[in-house]
Amino acid sequence: MLEARQLSFHFSPDAPLFDSISLTLNAGQWVGLSGDSGAGKSTLGKLLAGYLAPFEGEVSLDGKALPKSGIQPVQRLPQSPELAVNPRWRVGKILREAWTPTETQCQAFGVQPSWLSRFPQSLSGGELQRVCVLRALVPKVRFLIADEISTMLDPITQLELWQALKQEAEQRQLGVLVISHDNALLERLCPQRLHLSGSQLTPW
Amino acid sequence: MNSGQPPSYPPPNIYSQPRLRAALSLFVTTLLVMGLIASQWLLGDAPQQMQFDARLTPPSVDHWLGTDALGRELWARTLAGLALSFWVGCLAALLSTLIALSLAALATLSSRLDTLVSLLIDTLLSVPHLILLILIAFALGGGTQAVIIAVAVTHWPSLARVLRAELWQLRQAPYVRISRALGKSRWFVLHGHLLPHLLPHCLVGALLLFPHAILHEAALTFLGFGLSPSQPAIGVLLADAMRYLSGGYWWLGVFPGLGLLLMVLGFERLSNHLRRAL
Numbered sequence: 001m002l003e004a005r006q007l008s009f010h011f012s013p014d015a016p017l018f019d020s021i022s023l024t025l026n027a028g029q030w031v032g033l034s035g036d037s038g039a040g041k042s043t044l045g046k047l048l049a050g051y052l053a054p055f056e057g058e059v060s061l062d063g064k065a066l067p068k069s070g071i072q073p074v075q076r077l078p079q080s081p082e083l084a085v086n087p088r089w090r091v092g093k094i095l096r097e098a099w100t101p102t103e104t105q106c107q108a109f110g111v112q113p114s115w116l117s118r119f120p121q122s123l124s125g126g127e128l129q130r131v132c133v134l135r136a137l138v139p140k141v142r143f144l145i146a147d148e149i150s151t152m153l154d155p156i157t158q159l160e161l162w163q164a165l166k167q168e169a170e171q172r173q174l175g176v177l178v179i180s181h182d183n184a185l186l187e188r189l190c191p192q193r194l195h196l197s198g199s200q201l202t203p204w
Numbered sequence: 001m002n003s004g005q006p007p008s009y010p011p012p013n014i015y016s017q018p019r020l021r022a023a024l025s026l027f028v029t030t031l032l033v034m035g036l037i038a039s040q041w042l043l044g045d046a047p048q049q050m051q052f053d054a055r056l057t058p059p060s061v062d063h064w065l066g067t068d069a070l071g072r073e074l075w076a077r078t079l080a081g082l083a084l085s086f087w088v089g090c091l092a093a094l095l096s097t098l099i100a101l102s103l104a105a106l107a108t109l110s111s112r113l114d115t116l117v118s119l120l121i122d123t124l125l126s127v128p129h130l131i132l133l134i135l136i137a138f139a140l141g142g143g144t145q146a147v148i149i150a151v152a153v154t155h156w157p158s159l160a161r162v163l164r165a166e167l168w169q170l171r172q173a174p175y176v177r178i179s180r181a182l183g184k185s186r187w188f189v190l191h192g193h194l195l196p197h198l199l200p201h202c203l204v205g206a207l208l209l210f211p212h213a214i215l216h217e218a219a220l221t222f223l224g225f226g227l228s229p230s231q232p233a234i235g236v237l238l239a240d241a242m243r244y245l246s247g248g249y250w251w252l253g254v255f256p257g258l259g260l261l262l263m264v265l266g267f268e269r270l271s272n273h274l275r276r277a278l
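Which chain is which? The protein sequence lines are A and B, in order. Counted the way full-length UniProt numbering counts, the first sequence spans residues 1 to 204. Counted the way full-length UniProt numbering counts, the second sequence spans residues 1 to 278.
Extracted from the complex, chain B is given alone in its bound form (with noise of 0.2 Å):
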């Protein structure tokens, strides 16, 4: 123990820096989310231009990603594949947060109301994700915005039990007791105390909903409860693979597929670094 020499640490390792790697994750993920709105741009119509003489050609120099039984070109329905669901998962998270932050917030004003919002969340836990899915985005009539609406109304009862347990424990915290004390409002106790502490949960709460917003707009669309077939969303190109996928027409499945996973993977690995670094 004492040797005389002092102890060697190692070297501080600059990437093992959460911060670091969470800002390189965001920044990554900015620069790939803002081309992806930008290519729509550049795009124009060319998702929904057929070419008869090159149907089911598969991925070739003429034809990056291959072409589809009507030859439309499969990276420009990729990437409006991808950029619709990623409005659609922005909405859906954003809507579902909304919610999961008023009922938490409500749920700290009474024991009453407290209980109440533990039983909806309770209750909306313990029916299974995509039977209700289904259901509203049927009941909504499907499209785009009953897919939102669908999504946002499910997602939010677990992100809503974290903030309700949070804000509890905060209101325990002493400067809480003499806020009240004070003569302080619960209203500015809930907005000026309570609130700010909550932002990154709901930052990363939002980031973590938005790969399973994903998911679940390409679910509904597959299964022809979602947005219309003529939309080049990536549920419709997946459900339009599985009729070509017998005859050997690899690449409509695969492409589309692999795109909506880089997405799914990069959110989930931004939100994880933003949870470790906030």
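Same shape as in the complex, but just chain A (with noise of 0.2 Å):
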């Protein structure tokens, strides 16, 4: 269980971005996170997954504080897959910099083989974010912070990841928290939805 005890965090002392927050996901559930822009959505998402510490309150997973070093259990998968890859490196080693896929779960993902000895400048921003995906899947991962992964895809390939990653988070026992500006796809996916506005989470 990843459990968030009243967060407070803000960027300028007179404006806070929010105030004691409580959050937590379950192994296996999906969360919605909505909000205007700059509501803090994604600096939510990264107070989860230890990008960021909080000023006050914390963060636990299973009663514990989140490890300082080695594998996350938290992964946060970030918007922009252009900037989340090495461009120096080959799609294959950027797929295999953690764990090695299984052939399976590259054609549920759409990981072309082709695409392993590119570059990533030679994929578009759709086809690399499948890849990020499938990066952060690693064993011991357990939870995910989904911030906003599938706006820059077409319609059929944000149903295509979607579907992926709900059939593996299904066997996983993944719990996901998809940060999103868009209603319809939080409705879809995700029995429980929390807004953030105003400083403070609230339910719809």
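Hint data in this document are derived by calculation from the structure and do not stem from the laboratory. One should not assume that every hint holds.
Keeping only pairs whose Cα atoms sit at most 25 Å apart, straight-line, the calculated BS3-like set for lysine-lysine is [stated by the list, open to error]:
1) K64(A) / K93(A)
2) K184(B) / K93(A)
3) K68(A) / K166(A)
4) K184(B) / K64(A)
5) K184(B) / K46(A)
6) K46(A) / K68(A)
7) K93(A) / K140(A)
8) K140(A) / K184(B)
9) K184(B) / K68(A)
10) K140(A) / K68(A)
11) K64(A) / K140(A)
12) K140(A) / K166(A)
13) K140(A) / K46(A)
Since each chain comes alone in its own frame, lean on the hints to assemble the complex.
As structure tokens, then:
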């Protein structure tokens, strides 16, 4: 269980981004997070994945703090895959940075074997995003923070990506926090949805 | 705006392509350096051979660049001096780049080490180059080794500062954060993600250091703290020429000086082209 207790965070002291926010994410649970631009959705995602430290409150995994080193059980998937890959590495090396996905997994995510010998510049954003998602699904990972990962994909690719991710998450009981502006997508994917506005988190 | 005529763009000038220019100047420089090295082989001991019947003769058909006070051919001595300077410059620039790179890499490991490295860089940058050079070369007792070490030890800070800033920026890249989150060690991130991006900077940095190193080697030798007077180094030739300049023996200073200038300018140009191309 990934738990955030009474999180507070701000970038400038006179404008708190959010104040005493609490959130729990169980294994196998899909939670949607929406909110206006600048409401702090991505920042909340970064706090949950341990990229940032909260000023107050704590993020815990099964009652313990997130590990400081080693494979993080909470992986964050960023919005733009072009920045999330080393431009000097071939796609095969990028994909296998932490683990080697099976062929069935590659097929499910639509990762073509012919991409692996190419450089990321020669792949489209959508193709690269699928590589990035698959890269993060290391066996030890238990929670995913999907920060607008399907925004730049066409509808069919979006569907394929989410279907593959849904299947993988069900098999491994992964908890997923889906951050998106697209309410229709969240309604489709997540039984439980939260809205972040005015530094408060409310269910809808 | 809407005349129906497609806009005409000037045809691309093939010589203005930075990569082509870099390749061209790399080719020319390599050719010259190879010629310089080959000439040492062909020269043998010509730079040391004295002709007492032809002392201090001006440039002529028999003595292309004239002779010095001991009747030694100046063209042979200039070539030998340039070759010596080339080796000293190469080794000093290489050593200097290595120091800069390792210190910049060290600085990424922890914030305390970073403070230490920054302090070291600022301290060395605040001391005038030449004083430090003279002190170190003097303390090491002069000679080729002392000059190389002195130049290497004093020239790394400016490159180290650039590399450190570049590493700092690269470390903020999302893929570096992701690599850490995927359980990769700092060492893996350093040599897998960060260092390959620094190679072009290192190459250009070393090439920019090279003319500096040569000039300082000549300066040290000229001042008498560098190579021994028996070696035909450019600094030795220039220091020698000083004694005869008032006698009107201009060729003793002009030709070795011109040679040095050409070599320095050549490498400066090459590194500028490479910086634009890489």
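Indices of hints not satisfied (ascending) = 1 and 3
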